[in-house]
Each structure stands twice: as structure tokens, then as C-alpha cells.
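Engineer: From first to last, the protein sequence lines stand for chains A and B. Number 288 in our numbering belongs to position 110 of the first sequence; there are no gaps in the numbering. Number 1018 in our numbering belongs to position 135 of the second sequence; there are no gaps in the numbering.
Treat the hints with care, since some could be wrong.
[Stated by the list, open to error] In the DSSO-like style, the derived pairs of lysine-lysine whose C-alpha atoms are separated by at most 30 angstroms in a straight line are:
1) A:K208 - B:K992
2) A:K208 - A:K195
3) B:K992 - B:K979
4) B:K908 - B:K964
5) A:K212 - B:K979
6) A:K212 - B:K992
7) A:K208 - B:K979
8) A:K212 - A:K195
[To be verified] Here are some chain B residues the structure puts well away from chain A; computed CB gaps all over 12 angstroms:
9) E947
10) R961
11) A995
12) E1004
13) G1040
Because the hints were derived from the structure by calculation, they are not lab data. For glycine and all other residues, C-beta sits at the position ideal for the given N, C-alpha and C.
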Amino acid sequence: MPHQCTDCGQGFDDGSKEMLSGCPNCGGTKFQYKPAGASTVDTPAEPPEPPEPAVDSTVARTVGNAATAVRDLVSPSSTSASTEEDVPTSGSPTPAEDHAQASARSEVVSPDELPPAPDRFRSAPQMDDSAETTHSPLESKEEQDEATDISRNPSVSPPDSTASDEVASSADSEDDQPSRPGLSELRKELNDQFESIRVVEPGQYELNLMELYDREEYIIALQEDGKYTIQVPERWND
Amino acid sequence: MGLLTGLRSSISRAASTLFSDEEPKRIGIYGPPNAGKTTLSNRIVRDWTEHGDAVGPESHIPHETRRARRRENIEIERDGKTVTIDVVDTPGVTTKVDYTEFLEHDMEKEDAVRRSREATEGVAEAMHWLREDVDGVIYVLDSTTDPFTQVNTMLIGIIESQDLPVLILANKIDLEDSSVQRIRNAFPQHETIPLSALEGDNMDEVYDNIAEYFG
């Protein structure tokens, strides 16, 4: 129960849907994140939500392409890494990019902590589940270093099924070919990306603008102790 | 009876046209930190409103504006026509916020950390406004700095993909290092207007373009 309502103390699992519409107990919208450590790793998260329709996929694609272009132009040395990025993805490249990156970032976690069954990656809704699970140890590790990826905490539905599939394929292919050349470059590139806001340490933040733009809910208050407030949209992906 | 119904519908049609004409366009002033967004907002408000209260404090320290601020019903007159806009001054958008940057400005660590946190919330808010709440964008760039950054390209890309009208302003032309051409080269697909919001240089052209793009 890593999420706790700060008003009534009610606990919620990672990926819990109830908290997305406010605390069912008291209606509170302020939650505190309490990393549960290794125990959460083995516990499968709540049933994930259905994939959101790909409303902004073209937006994300256009912008993502532009951003990649800039990155290539700004640092020519990263060209090879960008090419690598395209290898695991099969369909539209960019909306998945961030999620693929987020997923790949979780590769920092030792491989035996990753869910063993590749089937977990096959279907779209389970992607969020697996991403959440594989991400948890990283989170708790980061927590020890006073670093948290807070955007993970108000966990929301995966953006679209295309993205999910691509995350799946990227995760699979990386599992299959751990020693692929350029992987470290790719990983470095991917590690530069994350979801929404990353707290490096109190007072130091890294922001993922596309994620912030794409999200329907938005973070209206951050606190150093791991608390955060999100604005809950009136209608949640009807 | 038929006449009455016809009359009523024509009145309501006229009224709806009237109201839609009067509905002010909400223009978001976006750009990286320290580009002069608040200075521009203040100048627009001071030029076109009676009392001319400032939208917000201006500062050379980045992230002075950490909440989006709105001024409504600013009437800009051009060629005998009036364009009404709501101006939203937004926090500077960036991909990294680091409190140590503020320590250089004689700030205590605690204040710097708080400023940093508020600035981060501000970026989240600015991105949210961009998604939900603006009808057009004035994108302000500091013409003394390199415009070809990931933040600028990404934001302009989002704005383009939403088909929002956008005007690019090359600010700070009063400074020696200013290069308007560098900004034109970076975003050739958009109109770029040089100005100094601080000095009020070339504001006429800015207002002409605001009226044309957002009227």
C-alpha cells in the first residue's frame, strides 16, 4: 500500500484506480507516497486500466520527431543511439519512445527481478502492470538516494496500445540480446528520459515536457517529503 | 406564429454571433525562463488598460514567474478595429530546474529549494494550460541566446500540432548580442517580430501582428 490518503490514512496499491477519482473514503485528493520496498516488487499491481485512445499520438509523434532531430543535430555523437532506438520499435516510433525509455530505464534493476514470463509483455493492458512492477525496485532504490520519480506514483493508464506494444517489443528484444552493441549508449540515452517529473534531490528536478503535456491530470503541488497533489479531471477516460 | 418564430431565431442568431465575436481569445505567452515574458505581459497591459496594473514582478533571476497569471479583456485597437484578448503570462518552460542556480543570486538554500520546487510546479501548470486553455500563443525568445534548443523545438512542435496560431517574438533587441536572424533561421515557418519589451521598441509591429493573428 504505497499510496496513502493524507486526510484519512486510507492506503492504496500502486496502480490503484480508486485514488484516481479521489479517496473513496473521504474524497481527499492529496496522497503520500510510501515506498514499500522489495515486498511490492513481487506483488502484482492492481488490474491495469484499459488503454487510452491515441488522441495525441500524432502530436507526440510530430514533436517527438522534432525533438529527436534536435538531439541529433545538437549532439552528432548520439546519432548511433538514436538509430538504435528505432530498432526495437515496429510501428509509430515516438509516442512509445518515452514509455520504452521508461521501461528500459527499469532495466537498471537486476534481470532476475524482472517478470519472467515474456507473455506479460504481450498484451497492452499488462504493460502498465509490468512497467509498474519492474519500476518499483528502482523507485525504492532512488528513494534511498532521495531520488523519486514522482510521476509514477499517481499511476495512470497507459497512453495507447501502440505504445504498449512497442514497449513490449523493446523490452523483449533487450532481454533477448543483452550484449547488443550500442546498448549502453542506448541505455544512457534512455536514462535521460523519464516520466513527467523526476526529483533528483530536493530542489533539483528533471522534467519531461511531452509527458507533462500528454497527461490529463496534472501535478499541482510537490513536497520534499514525497507528498504530492494531483488535479483529478472531472471525467476520467470515459 | 411563423413570423414570430422566425424573428426569434434570427434574434438568437444575431445574439450568438455577437457573443462569439466578443468572446476574447486567450493568448498564452510562452517561452524559456528569462526570455522576458512577464516584461512583455506588463507592457501589453500597461499600454492597453486604464489602470495598467502589472501582471507580475519582473526579475533577472530565472523563474520569477512560477504561477500562470491571467489578465482578461485587454482591448487592442488597430486600424479602427478592436481586438479583445486575455493574456496568460506563464512560467518559463525548461527541462531542468536546479536550486543551485539560484544560490548565485544571493539566495539562501532554503529559499532556493522552495523557488526550484515552485518553478517545477509552474512548468507543469504551463504545460497543462497549453493543452487545455489557450487559443493562441505568443512565443517569446531572448534574441541574445541560441534559440535552437530542445525546449523551444518541442514547444513549437506541440503548438504546431495543435494548430494554434503562434507569433514568435525576438525579445531584447536593445542588447548588443541580439540576433533576430538567428531566431528567424531556427523557425522559418513562423512570423518573427523583433522587439524590446523592456524599452518598448517596435511594439507597434507587435500589436499589428497580435491583431492580425489573434483577432
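Engineer: CA of B:K992 to CA of B:K979, is that 30 angstroms or under?
Structural biologist: Distance of about 18 angstroms is within 30 angstroms: holds.
Engineer: Beyond 12 angstroms from chain A, beta-carbon-wise, is B:G1040?
Structural biologist: 4 angstroms, violated
Engineer: Can the restraint linking A:K212 and B:K979 be considered satisfied, given a maximum Cα separation of 30 angstroms?
Structural biologist: Holds, at roughly 25 angstroms.
Engineer: Would the non-interface assignment of B:E1004 survive a Cβ cutoff of 12 angstroms against chain A?
Structural biologist: 6 angstroms, violated
Engineer: Holds or violated: A:K208 with A:K195, Cα cutoff 30 angstroms?
Structural biologist: 15 angstroms, holds
Engineer: Is A:K212 close enough to A:K195, meaning Cα to Cα at most 30 angstroms?
Structural biologist: 17 angstroms, holds
Engineer: Since B:A995 was said not to touch the interface, does its Cβ keep a gap of more than 12 angstroms from each Cβ of chain A?
Structural biologist: Non-interface label on B:A995 violated, nearest chain A Cβ at 7 angstroms vs cutoff 12 angstroms.
Engineer: Hey, is B:R961 genuinely clear of chain A, shortest beta carbon separation above 12 angstroms?
Structural biologist: About 32 angstroms separates B:R961 from the closest Cβ of chain A, which puts it past 12 angstroms; holds.
Engineer: Taking the shortest Cβ-to-Cβ distance between B:E947 and chain A, state whether it exceeds 12 angstroms.
Structural biologist: Holds, because the least Cβ-Cβ distance between B:E947 and chain A comes to about 17 angstroms, which exceeds 12 angstroms.
Engineer: Next pair to validate is A:K208 with B:K979; report whether the Cα-Cα distance is within 30 angstroms.
Structural biologist: Holds, at roughly 25 angstroms.
Engineer: Is the hinted pair B:K908 and B:K964 satisfied, with a Cα-Cα distance of at most 30 angstroms?
Structural biologist: Given pair B:K908, B:K964 holds - Cα atoms ~15 angstroms apart, limit 30 angstroms.
Engineer: Within a Cα-Cα threshold of 30 angstroms, do A:K212 and B:K992 meet the stated pairing?
Structural biologist: It holds: about 26 angstroms lies between the C-alpha atoms, which stays within 30 angstroms.
The structure shown violates the earlier hints numbered 11, 12, 13.
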